[in-house]
Amino acid sequence: MKSLFQKSLKTIALAGLLVSCVAATARAQNPRIETNQLDALAAKASQTVDVNIDERLIQLTIRFIGKGPDEQKLKEIINGLKGIYVKSFEFEKEGEYAVADLESVRSQLRNAAWNKIVNIQSKKEGSVEVYLMSNAGQISGLAVLASDPKEITVVNIIGNVDLDKLSELEGQFGIPDLGIEVKPKRKN
Amino acid sequence: MKEDYLWDKTGEPDPEIQELEQVLGALRYQPRPLEIPAGLAPGRRSTFLPRLLTIAATVAVMLLGAGLWFGLRPARTGQIAGVENKPAITGSGPEIKPPVLPKIPFTPAPVAPAVPDEKQIRQRVNPGALSREVVAGHRPRLNTPKLTSQELEEAQAAKEQLMLALRVASSKLNFAQKKAQEINTQNQTQNQHKVG
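So the protein lines, in turn, are chains A and B. Counted from 1, the first sequence has number 1593 at position 129 by my numbering; the numbering is strictly sequential. Counted from 1, the second sequence has number 1195 at position 87 by my numbering; the numbering is strictly sequential.
Just chain A, with the same shape it has in the complex (with noise of 0.2 angstroms):
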C-alpha cells in the first residue's frame, strides 16, 4: 500500500511537472507580448496611441482592400499577419515613465524565442529594440521598443510572414529596410 501510495505521488509529480513544461513552453512560443501594464500610463500621457488589430480584423480589412495596384500590395503585406498591436505614449516632461515600465515588457522578450537584431541606445535620441521570433525559417513575430525620455512606444505584429514580404513591408508604406539580407534564388 505504502509503495502504492509512493508511485502514485511520484506519478502525479511528474505529470504536473509535464504541465508545468508544456504551458512554459507554449507561453515562450507565443508571439504575442502582454502590453496591459503600460495602460497606467495613459493618464500621465500627453498623446496615446493604442492600435489593437487581431487576425479577424485583418482578414476583414483584407475584405474590404479594393483591387488597385497600391492596395493589393497592401492585401499581401498585411495576408500574413495575424495581429498588429501599437501602444505609444508622449509626455510632456521628462521622467513620466519610469524604466520599469519597459522592462515589464522587455522581460517577456527575453527568451530563446525571440531574437534581438537591432538594438540602438542614444541618450539624446532615444533607444530602440527590435525583436523577431522565427519558426521553421519563418517570421512568426516582431516587437519594437522604443523610448526615449519623453516618448515609450511598443509594437508587436504577428504573423507567418516570411523575409521577401517583410522586405516588401520595409520599401512599401514608408515602412524602411530593416537591413536584412535574402539570399538570392540560384537558377537553375
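Be a bit skeptical, because a hint or two may be false.
[Said to hold, decoys possible] Covered stretches of chain A, as calculated for chain B (at least 3 residues, CB under 8 angstroms):
1. 1508-1517
2. 1536-1550
3. 1557-1565
4. 1574-1586
5. 1594-1604
It is worth saying that the hints were derived from the structure and are not from the lab. Ideal Cβ positions, reconstructed from N, Cα and C, are used throughout, including at glycine.
Please build the complex by placing chain B on the supplied structure of chain A, with the hints as guidance.
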C-alpha cells in the same frame, strides 16, 4: 388415525414415529449465533488511502487544466484584446509624423490637433462596431463574398487602425535603420583612419 400424527401431530401418537423423532431430533435446527472463523473475520477497512488517491487525482486534473489554461490564455487574450481595447488617439501634444504613404483611396483619421483650452481630445474609431459581432457571439464570416454595411463600417475602422499602426511601426523602424546606418558609417570612417 396414525397418519394424522405423522402429518400434523394430531391424533394418537405412533411409537414408531416418536422413535424416529428422537433419533432425528438431534439433527433439528438449533438457534445459535453465527460463529465466523477468526481468519475470515472482516477487520476495519481503511478508507484513508482511497480518499487520498481521489484527492490527489483531483489535484492532478486541476493542475493539468490550469496548466493548459495558463498556457493557452495569451493567445485567447490576444484575440479578445483586439476587440475590447478601445482604439483611441488622445492628446494635445505633437502629432506623430508618419512617413508618406502610397496612394490608397482611403483617408485615415488624422491625429487630433492641439487645442489650448482642452487638455485632451479623444477620437475614437467606432470601437462599438469593432466589438459588436464578437460580443454577440457570432463567428467571423470571412468567406462570404459581400460585406454588409455593418461589416463595411467595421472594416473601415479596422483599416484606419491598421494604417495608423503601420505608420507608428514605420517611424520607429525608420529611426532604428537611420541610427544603424550612422553607426556603420562611423565604424567605417574609424577603420579607414586606422588603416590610413
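How the hints compare with the structure:
1. 1508-1517: holds (count 9)
2. 1536-1550: Since 7 is at least three, the answer is holds.
3. 1557-1565: Violated: only 0 residues of the region 1557-1565 of chain A have a Cβ under 8 angstroms from chain B.
4. 1574-1586: holds (count 3)
5. 1594-1604: With 1 residues in contact (Cβ-Cβ under 8 angstroms with chain B), the coverage given for the region 1594-1604 of chain A is violated.
The structure fails to meet hints 3, 5 from the earlier list, while all remaining hints are met.
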